[in-house]
Amino acid sequence: MYPKDFRYTKDHEWIKVEGNTGIVGITDYAQKQLGDIVYVELPEIDDEFSKGDEVATVESVKAASPIFIPVSGKIVEINEELEDSPELVNQDPHGKGWIFKVELSDESELEELLTAEAYEELIKAEGE
Amino acid sequence: MKKTPLYDEHIKLGAKMVEFAGFNMPVQYKGVIEEHMTVRTKVGMFDVSHMGEFRVKGNQAFDFVQYLTTNDVAKLSIKQVQYSAFPTEKGTVVDDLLVYKVNDNEYLLVVNAANIEKDFAHLSKFVDKFDVSLTNESDDTAQMAIQGPKAEDTMFKIFGDVVREMKYYWFDYVEFEGETCLLSRTGYTGEDGFEIYCKPELASKIWNKILDAGEEFGIEPCGLGARDTLRLEARMNLYGNDMDETTTVLEAGLGWICKLDKGDFLGRDVLLKQKEEGLKRKLYGFEMIDKGIPRHGYPVFHNGEEVGVVTSGSYAPYLKKNIGLAYLPIELAKAGNEIEIGIRKKRAKAITVKTPFYKRPKK
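So the protein sequences, as listed, match chains A and G. Quick note on the working numbering: the first sequence kicks off at 1 and runs consecutively. Quick note on the working numbering: the second sequence kicks off at 129 and runs consecutively.
Next comes chain A alone, as it looks inside the complex (with noise of 0.2 angstroms):
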């Protein structure tokens, strides 16, 4: 279910790096909680970011959420897919659904992220 050769947050992001750059998305756990999802706010290309910042926002019908950057760097490329087809987000969350890439500015941060067991077990403790 969570590819191994992915790295998570605590917040739901993933990240697959190529490279020096990383794919970014939210995981199928985050959208299953989220329920529809009807607009993806997506951020602009070459703004660039420390880890963590607030980067885009993923709406459901009933809330609106905020993504968080999983390692510094610039914003190389958006998915303009979601831009009328926001539902990719919950059919292909690890797939299709992608947000966003960053080009890393410090590839020692991906050192901090979640491999893809400690994340199984951060979902099972919040109740999946």
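Just so you know, the hints here were simulated from the structure itself, not pulled from any lab data. Idealized CB from N, CA, C, for every residue including glycine. Zero decoy hints are in this set.
Covered stretches of chain G (chain A as the covering partner; in silico rule of three or more C-beta atoms under 8 angstroms from a C-beta of chain A): (1) 149 to 160; (2) 418 to 432; (3) 439 to 452.
To give an idea of the interface, some chain A residues facing chain G are shown, with a C-beta separation under 10 angstroms as derived from the structure: (4) Gln33; (5) Asp36; (6) Val38; (7) Tyr39; (8) Glu54; (9) Thr57; (10) Glu59; (11) Ser60; (12) Lys62; (13) Ala63; (14) Ala64; (15) Pro66; (16) Glu83; (17) Glu87; (18) Asn90.
Start from chain A and add chain G according to the hints.
Chain G only, in chain A's frame:
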């Protein structure tokens, strides 16, 4: 946290449960959008047992209800229902409610779950001034709402002709396993539909009987999430969001249930004065032009100045638009004015529109 008599049914159906007004309630089963569309196109059922029920009895039951609500109770026939509000002495809103006329000396008042204690305390202050008794039957009453174009067909299968004959905002009594239940043609979704009140012990049986009867019409259990989006599309105010004790009945757009010519009632002087002088602000609908979803509490701007606040806002699943209600200065509270909603760091364009946003097609 309180549970309704249908708690076990919700768990069996895999509902996602949340705390609401002190009750553990289902927010959704399969998903808000699907449940919303089921009510608009087929039939959905809600557990609304958390709602409060008060009974007013006595020689002055009419006078009591007439003095403490804004609508004209004299217009009610026996077995008729009326949407109304409890005003404060300042003309603001204690709660909104349904008034059921049982007979000339007896009324059933159905109030919001979050306000049961407050409303009961408020009404109790006036009990000594009238020859009435007031009882809180909330814990002894289960309630379900069956809503949608197939609600009549579903309920007809269980209760027969009384269902087809019942007019909108009327009620009658029906038998279920030898017990009497109250059935009304009312609801909070903008659709045709029914609400049934019964003893808590009967709730699960009735719930399952209705699910079985509605199966051929595509019935689904629906949660509070869909209830909120449905009522907003139909522009029904939500107490605590769209009105409270800081907003008057008239400002909340409830002038139509505020019968100033019916004789004296609590807060009438203030409301009459407000009507004569003209409102300064009013709750009004808007639709987003730019992307973004308006939410409760977001600021509203006009010509760069903050002029109001969003009270309810959501993605509207049937209309596929982002809509909301906001308190606006009276000069802006008419259709066609461009406003901006402060959504996080941005200001997104919106336009004021007539409500209801959604009106069900006539049969």
